[in-house]
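Chains as they are written, first to last, in this note's numbering: chain U, 127 to 549; chain G, 25 to 547.
In case anyone wonders, no lab produced these hints; they're calculated from the structure. Since we're looking at a predicted model, the values are computed, not measured. Built from N, CA and C at the ideal position, the CB exists for glycine as well. Nothing false has been slipped in among the hints.
Only some residues are given here: those of chain G computed to face chain U with a beta carbon under 7 angstroms:
1) Leu318
2) Ala437
3) Ile440
4) Phe482
5) Arg486
6) Gly489
7) Glu511
8) Trp514
9) His518
10) His522
11) Leu526
12) Gly538
13) Ile539
14) Leu540
15) Val545
Read off the chains here:
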Amino acid sequence: MSYDTVVVGAGLAGLTAALRLSERGQHVLIVARGVGATHLAPATVDVLGYLGDTQVASPAASLPGLSNGHPYGHVPVDQLTTALAWFCAHTAALGYAGGPGENLLLPTALGVPKPSALAPRSMAGGDLRAGGRFVFVGFKGFKDFHPTLIAANLARARLPLSIEARALELEPPPTRRGDLSGRVMAGRFDNEQLTDWLVHALEHRVEPDERIGVPAVLGLRSDAPWQELEKRLQRKVFEVATLPPSVPGIRLFQALSAALRSGGVRMVFGVTAVGARINAGRIEAVEVANATGTHAYPVTSVVLASGGFASGGLELDSFGTTRETVFDLPLSGLPEGHRVRFAPRYFDEQPLATAGVATDDLLRPVDGSSRPVYENLHAAGAILAGATPWKEKSGTGISVATGYAAAEGILVPAAAPVSEAVR
Amino acid sequence: MATQSPSLSSLEADVLVIGGGSTGVGVARDAALRGFSTILVERSDLADGTTGRFHGLLHSGGRYAVKDPSAARECIAENRILRLTAADCVEDTGGLFVSTPWDDPEYGDQFLQGCKATGVPAEEIPVAEALRREPRVNPDIRRAFLVPDAALDPWKLVWGCARSAEEHGARILPYCRVLYLEMDGDRVVGADVRNERSGEEFRIHATVVINAAGAWAGQIADLARCTVNVRAGMGLMIAMNHRLVHMCVNRCKRPADGDILLPLRTACVIGTTDVFVPDPDQTEIRQEDIDLLLDEGEKLVPGFRQARALHAWAGVRPLFEDTAKVAETRDVTRSHALLDHSSREGVAGFLTITGGKTTTFRLMAEAAVDAACRQLGGPRPCRTADVPLSGSENHALYQISHRLAEREPVPQAEEIICECELITRSRLEDTIKQRDTTSLDDIRRLLRLAMGPCQGGFCIYRAAGILHQGGHVDQAGANQTLLDFLEERWKGVHPILHGDQLRQARLDDWIFQGILDVEHVPV
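Using the sequences and the hints, build the whole thing.
As structure tokens, this is what we get:
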């Protein structure tokens, strides 16, 4: 079977590219080893939170301050704005709020105000910029959320308007399981009417003007438990992202994959893209390995969204050699000399932090002379060189923006010639 | 228990022990068991120096059988004693010496002779049998020998000895640094000490001061204007995820670099190197040493470089040399040295015990306290070879599966704070209370928290939250110990970061920076 586009990777970048292409009539296949970083990261869309040490108030206004070679350099601000609006429209069930013009400041599970451009409605109520009174509610027996530390840290955080924060710990109805992950807690909200319990536990213990922060476990299937809580408590309730697995991230994955399925996109998990058949500077087919062997899928275009080191899209071996694991693409941002030595202090700038694939403006990986490696190969997400997303707080933003832009790059046929020298 | 701050401006004891490694706590326990009032001071946490940074091999003596027969005899004797008295700290993995294609198979004959002469039980087994027991070991080995090596948990041993010493009346004072030794003429009569946590200074009067500061013994001796030449021989170790071997696997050749691979709890450790360093506190890990260990590992277990390396660290051996300079630190004897400074320099009331190795710590302690008895009114018999540590009374050796076995009947009974090392919330909370510590790094050494594959990616946020929630630290303290831990952990992670562990490190970056935004916590 042949596809218009094969997308390698099912993280936010791959899902975004696939959905945009399918909505424009393409026949799309996603191949992936498994689900991507949606299940790890909070479901916020962080476009740009820090520029160096400076907190960013408006991502759109700050993008020009990024260094050359940053992935956003290939995504004009108006395209970024379009991409975010498109993203909100296609995840309507989660009700994303915000935009590229100004960052929300959402509390982390450590009580730090973190800038995000978009947040699902179940989290957006935690925006700290307006000040006010907050109560953070922990559940006894749930180890991934520590409200006393959150409240104490937030009370000392630098914020535009002062806030008050306090902590409350509640004991949920007993369960046979004493060790609960966020995923299991969320399942209890889906299946055990934990919402009832929480309403009763909170209604007389929270002041009318307090906003209520809870760990992001209010339902795995949907945010219905969150909606019900807000309605019945008559107060703002918001989820705070905590350690993986990320419940809001799983909801986001479900929302996007439902849209992909209804758009006819085929998703194959448990397989590994291992290479390509090349003809005249183009990828003719993507080779995909599963337990029984390797299968080649003929394609017109390819999106590489295999992620960075965390996802296995990039690898460093014990001899110090870095490689891109699917197509063995040339890499940019590698340290000088052969041997990688990491900096001795954890928070110092680390080598390989910005390593990845450099691209042209159509998001096509380029070689050392800035020519596309393959005319019909585009890249998106954490595989791209030039960003330190966990420091900049830009990971999910880059994924949405470049996933969208890679799709647009495929939809607008390329004119740039391909180097004869490659491969 | 151990960490109550001395609020008195002066304390008194028969014996003051300086140094909280295996030797120091061994001396303190020995002296306390003989009925002496005893105080131990350690500038940092217990077992934070050499003891907590060695590979964890309880030597059978096989390693020294050819080169250093007296060390071999001491090792096998102490090995037998510790299996009884510190059984809960010893995992009976057994040891295997193998001749790889890079080793002279004839050395095996010398090895067997040496073992026979020193009383180390050694038995040659067919290569096929060795490979059946150790399927990952290089299939091209030519000879294989079994010896009673074992794996030793250094933290458990040190804390076991410290608790036992306290049960017999000793005071164990970690984080108390010796500033000066108090002299009365030619006699050492005590020490001025600073509590490194509170900043408080106080004096300890003692009839005998025993310098058990290991590689730092020279620095302590200087305070009494005595000379102790201890060379610091730095050894590098790398912990690998999983147990690639079941037994302590040694190369059958003269001891050299990277020739030991042993299972230690859920990981395995390859060691070691031997590089002279001028300052025992300056142990920089060099890339060439990492590569050397990985290459040597590849000879023992093919595919070693593709296996996941978790953590690298360096420890410093205290190598005593009394006279001329020795070019190679491996040529310095591994036997210990007991120095009575009254006969050496005419300084009474002051002994130094150094050199040696963790396997023989008890013997070193016995020798030191025997010597102290001579200054304390006559001999009293040593009891440490007979009295087991608490937890080891029934002589049951440690089983790797014990934490799992404890949880198996009720797998979901309680929150598991560290999934890698199966540490429950109540165990963590009890330890915080007992130790009265607020340092995640101290807790790591006590419980092995954050020592598994994720290197604290998940458990450290939880542990910081629990410390704060329990009122043990304020928010600034919780944030600081979290940041300190991330820096401390990175020291061991960054030198070996590649492959799957880099992947893990990036996930941890995402957790701490991308999700929690730890770099912007108020401190």
